[in-house]
Each structure stands twice: as C-alpha cells, then as structure tokens.
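Number of protein chains: 2
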Amino acid sequence: MALIVKKFGGSSVANAECLKRVAWTIAESYSEGNNVVVVLSAQADTTDELISKAFELNDTPSKREMDVLLSTGEQASVALMAITLEKLGLPAVSLTGWQIGMNTDSAYGSARIKSVATERMKAELDRRRIVLVAGFQGVNKYDDITTIGRGGSDTTAVAVAVALNADLCQIYTDVDGIYTADPRLVKNAKKLDEITYDEMIELAAQGAQVLHSRSVEMAKRYGVEMEVLSSLKREPGTKVRGVNKVEHTKISGVAKDANLARVSIIGIRDEPGVAFKIFRVIANAKKNIDIILQSANNNSANDISFTVAREDLVSVVEILEENKSIIGFSEIKTSDNIAKVSIVGAGMMSAPGIAAAMFEALYDVKVNIEMIATSEIKISVLVNENDADRAVSALHEKFFD
Amino acid sequence: MALIVKKFGGSSVANAECLKRVAWTIAESYSEGNNVVVVLSAQADTTDELISKAFELNDTPSKREMDVLLSTGEQASVALMAITLEKLGLPAVSLTGWQIGMNTDSAYGSARIKSVATERMKAELDRRRIVLVAGFQGVNKYDDITTIGRGGSDTTAVAVAVALNADLCQIYTDVDGIYTADPRLVKNAKKLDEITYDEMIELAAQGAQVLHSRSVEMAKRYGVEMEVLSSLKREPGTKVRGVNKVEHTKISGVAKDANLARVSIIGIRDEPGVAFKIFRVIANAKKNIDIILQSANNNSANDISFTVAREDLVSVVEILEENKSIIGFSEIKTSDNIAKVSIVGAGMMSAPGIAAAMFEALYDVKVNIEMIATSEIKISVLVNENDADRAVSALHEKFFD
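So the sequences go chain by chain: A and B. Counted from 1, the first sequence has number 143 at position 90 by this note's numbering; the numbering is strictly sequential. Counted from 1, the second sequence has number 184 at position 131 by this note's numbering; the numbering is strictly sequential.
Same shape as in the complex, but just chain A (with noise of 0.2 Å):
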C-alpha cells in the first residue's frame, strides 16, 4: 500500500465526462489499496471567466480579492469531484487551502508557501477517505485566502506529497510524458522513461510547459518522486526524481521558447557597478530577466543585451528610461521577434563537441545564433523566431534520429 498524491488540471476537469474518466482512474489506484490525495485545478475556462467578471467591474481589482475569488474555482472542482466519486459509491472529502492548513506569506497572487498542516488530511486518510485538495490556493497568518501564482496546483500537489511524505507525485496532464522535444513540432519526439530534476527544472526553463519549474524545483529538495502521465491513456508516464536509473542518450530533450524579447542597451560607460544598477532597477520591479550578454566595443562605451518575458518588454524599457540618467546609456534597442532554442541534458558539458554538434546542426539549417548562454546542462541559442521551429526539428534529429 502506497500513498500517492494525483494532481488533474482545468481540461482533464472541464465537465461531466472528464470528471467521470477521472473519478475512475482515482477509482482503480484507490482500490488497488492505496492511500490517494487528489489535487485539482479550477475547471477549465472557469478561472479566465472570473478574471473576465472582476476586469469588467475593475481594472486593476486588489489581489486580495481576486484571490478570493479565484479560488472558488478549485472548490467548486474538488467539490464536484467528491459527489463524482460518491456516486461510485467511494468514501471522498474535499479540502480547501485553509481546511488543509496550506499555509502561505500574504503575497497576494504569488503567495509562497510556508508550511502544510498534516492533521486533517492524515485524519481523513486514516478513515480510508479519498482526499480531494483544492489546488493553488492557500491562507495567510490573517485567515486571509492566498493563491500561489506560478506553478499553480502542481506545486499545491508536490507540497502536499512533501508533508504526507508520499511515495510519489502523479501529474496528469494532456499528454503522456516528458518528449526529447514538443511532439506537435516534431515528429519523431520520443517520451521518455524518466528524467532527472535538474534536466526537467532546464527543460521546464527553456520553454516545456508540461510541468513548471517552482513544482519541481520543490520536489528536488524534498526528494519526492514525481511521474507526468495522461489523464486520458492509461499507461506509464515519465518519472522525475534525483537520478537516472536507465542509461540514455546524454541529450534528454530539445525545448523552445517563443515568448521572449531581446532588450539592447547600447552606449553605457565602461566602469564598476552599470550591470549592478541596469539589474536592480529592473528586479525592483519584479521582472524577470533570462539570458544576458555583454558584449565589450573598441570604445570606452559598452552594450549589454538581455531577454524578459514578452508581456514585461513595455514596462521594463520604462523601468529604463525612468532611470536612464542613473544608470547612464545613449539608447535602448528591442526586439520581439526573437526565440529561444535549447537543449537539455545531465552530463551533457562533461561530453565533448556537444556543443559544436549544436552549431552544426544549426550552420546546416541555415539558423543564424543571435546569442549563446549555457549552463551544466543546457546550451541555449536565441534565433529569430520564424527559424525556432526548424531550428528544433534540426537539433532533434541530429541527437535522436
């Protein structure tokens, strides 16, 4: 008998029919004799129709309040799930964040989590309850309703299997596991068997989407075994833990990331504490920054280039401009038209000429390489966008085919 936490998102939730197919699965692992958590997602469209609601009354509503509202959405979820599984004639008891004791800071929309109270959620198991926890939200010291931003419910179900110290973490999803590169792009992407944390954490960097970074970044340092698998077949997924059991190809996927744009900042002097200032005024404003690059001219004046989120390019060129006398520069060059190309893999930099085997595939595709940025276990190019899908279908074949 194990106790395995599942977490199901929004589309494996959406209506009757879904919530019926995941009543059985929750079902079968149940009466296998296992102890089951399930964690869910508000159902699908649910959470963008309530946002439309609160931006046609306000347009900068409180996060406070749009917490409290978001947040119904997963307890309509793990409610109807509850009445789903009774009608199987299954003992199940939803869960809110603060009926659960998912204790957070008071960062309203992003809140980070603090502590998981065990008590209830044992107490429920130990009646041989199929627990149902309202995913993505929480409480705050005030009794206030939190939600946990980035990550979503996935990091709710980690956190849960790392308080009920689970045998490992299910993560639905709409496809069957982690592939060497996104099946729709590429056509010969295989799924793997498993996968490291630090390959995923690159992976889920890079610009996969099956699973955010936060969840398995929390289930790194906790130890907790995480698989990705359909809701809809019913077969094995890809397993994420600390390492590989199986030998594989060094590579573990190729990723992309479309949703970037460059930031040029031409004609900055050449002396102590520019990157300092550039990098604090932007951070102040919470925007994150990715790949960076500085590149010295033949004159005393610098550039420096680094890529935001696409949404944060306007704001951050402002953050700039706010500052320019402080931080001191002639001008600012952007572009939005740009992507990012990455492989992933643990090892990888230990194996000579991978990165050369990179640049080759890319010479013969004809992608130009805007910037490089590498790490332990990725090598990153930024190209144009119109070249990142042939830039990918490149870089597979050459380390998969």
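Just so you know, not all the hints are guaranteed correct.
[Stated by the list, open to error] Rough simulated footprint, nothing fancy, chain A against chain B, three-plus residues with beta-carbon under 8 Å: (1) 108-119; (2) 173-183.
[As the list claims (entries may be wrong)] Per label pair, the in silico range of CB-to-CB distance: (3) A:L285 x B:S105: 20 to 30 Å; (4) A:K167 x B:G295: 31 to 41 Å; (5) B:R181 x A:A67: 40 to 50 Å; (6) B:D158 x A:P289: 22 to 32 Å.
Since the hints were made in silico from the structure, they are not lab data. Small disclaimer: the values here were computed from a predicted structure and weren't measured. Backbone N, C-alpha and C define an ideal beta-carbon position, used for all residues, glycine too.
Position chain B relative to chain A; hints supplied.
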C-alpha cells in the same frame, strides 16, 4: 453614525451593471458616515447552475459536498463587490462564513447558526472598511463548510446584525417594501410604512415571499429593526419592528399561498391517540403540515384533513400508507388544486367583525371556503386554486379600498 447591515439578493448582483448600482447604494450610506456591513447572495442563476452541474454527476450528492460547492457562489459575489467598490476608491474587504466565524451545527444544507464571532468584522469596521459578508454559509466545529438553508442570506444578515448590535438591518429586494397584498395580483395594493415582527412572520408563513419568517423570527427575538426596501428605487421601504409607531388599519395584509396540497384521511377510529400517531409519522419524516381540520361524522369513524407543501404530497401519502395498520383508516383522498388565502393584522382578533367581513367578501364573489384556520393575528381560508386571485382582490378591496 450608525452601524447598518445591508443585504442584497441574487438578482441585485446578477451582473456588472447590477453590481455597480448596488455599489453606489453602499457608497452613499458609507459616505454619510455609517459603518456598513453588506451581506450578499450568489449571483442570480449561479446556485441553480451549480446544482445542475452536481446532479448531472450524481442524483443523490452528499449534503456536505453540496455545501462546499454552493458556498462558492456567495464567495464569488463578495469578491466581485469588493472589486467594484475598490473601483469607486472605497476601502472594502470580502469575508467568507468561516472568516467571520459564522458558527453553525453540522446539519449540512440546513444548518442552524450557533454563534457569530465579531472580532474580525469589528477590526475591519474600526479601520473604516466596508465589510462584505458571504451569505447563506457557515462553518461547523470540524471546520467544514455548511449552508444554512431556509431564509438563506436574509438570516445571515439578521444574525450579523444581532452579533454586531447593528442599528438597522436593511433587506434590499426587487420590491420596494411590504404591501397589503401582492401588487402583481391586486393593483390597489398599498406599501406599508411599517409592520410588526408578528404580522410579518404571519404574512411570510401565509405565502408572502418577500422575507423568510426565519429571519424575522430571529430579528424579533433579539429586537433588531429591519427594513425591506428596493435595490432599484432610492426611497424608504417598510420597517419591521416590535411595535408600530403609527396607527394604521387593523389588517396589515392579504396573502396567498398556492404551493399547497390537501390530504384527507377518511374513516379513522374515534379513539384517543389517532391524531398523535398520524402527525408523529409525518413529523418523523421531517415534513411540515399546516392547517389541520378534524370533522366528526355521525357514526363512530372520523375524517381528518390537513395541508402540506405541494412537493411533499406524494411522500406524505406514501408514509401514511406504510403506516396504515398502525394508524387505522379506510382511505386517503388528496387534492392539489387548492390555495390558502389569509388576512393578517396585529390585534385583529380583538376587533369584532373582521372574520365576518372576510367571509362576506368571499361570499360576494362566490368563493367557496373549504377549510378555515385562525390565530391571534391571522385568518386563513382554503379555497379552490382557481378562486384564489379573485379572493385576494375581494379581500383587499374590503379592507383597504
């Protein structure tokens, strides 16, 4: 400066336009210096939609999970109203049943309120915030969500007003007060400036659907002054309080209840305890009965007739048939084309001739009376359903025109 509790129903918060209109009503009262607590229902249709979602999955969902599901409707309403008030620059905070400490017993779907904590609401009012309370919902001692059933958000509003010792509890509806008869039936119906708790309770019990008697009973017990007024018109409504402050006609209203059926049990033995047995088995099944009439025949067998809610007719007859051998009777006759028409007025019984005038008015329009029931402040007659509207008009003309 007064402390005012305002309650708005589902049709008053149905969409963005309605929410904005209600927000202005709240803003006006707040700007006059009052402390304002607002109790809201779920947006119109939301509750019905949630119920139909649940019944699509399971035609006998547990009451616990239905309460988890339905309580999301009121939670969404208060968040949306807070967001609307923020747009007007007003400080508002939404609170759920568990957040205000609306403590109930564990009778899911029809929980009784045990106590209302005031710390959180008082702290928010001290900060001059408008407090928005989700109606209809509470929390039991296990930290499970409950709903309070009959009277719903009206009862929440009065309970909050009692707990906070509010100066006034205003119930906003789609009519602008309590009328001497249903204005849709009687074109000369007049709005009352005030009415006593007892009269209001009788009117509600006799079919007037503006206020539920449960909320008025609670207001009476704790002496909270209520006002029923329109959420559309900006004018005074009808005050509901212990004693009328101005003299008025002895009859305060004419009411109709068509949601009735009559059950006649024929041929019961004329011996002690038979009536007890009948009403005990019905009470055990938690069905309410209303008017009872026992008639003695010439022989040793009697008949007994009573009314029940129309939706309970089938199950009440089943219960009686199951217990036929215990009770002892020859047959059951039923009718569901009946209606109850009542006149209500404090001290009515001490004014001679009221009953006679009532029966005369009905005789004049050829309405046959099937049963009569009286109390200190009301006279009800059972008539054929097709005669009911004519009876209401005739009575209103007799006593008010």
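Status of the hints after comparison with the structure:
no. : hint                        : verdict
1   : 108-119                     : holds (count 9)
2   : 173-183                     : violated (count 1)
3   : A:L285 x B:S105: 20 to 30 Å : holds (26 Å)
4   : A:K167 x B:G295: 31 to 41 Å : violated (51 Å)
5   : B:R181 x A:A67: 40 to 50 Å  : holds (43 Å)
6   : B:D158 x A:P289: 22 to 32 Å : violated (47 Å)
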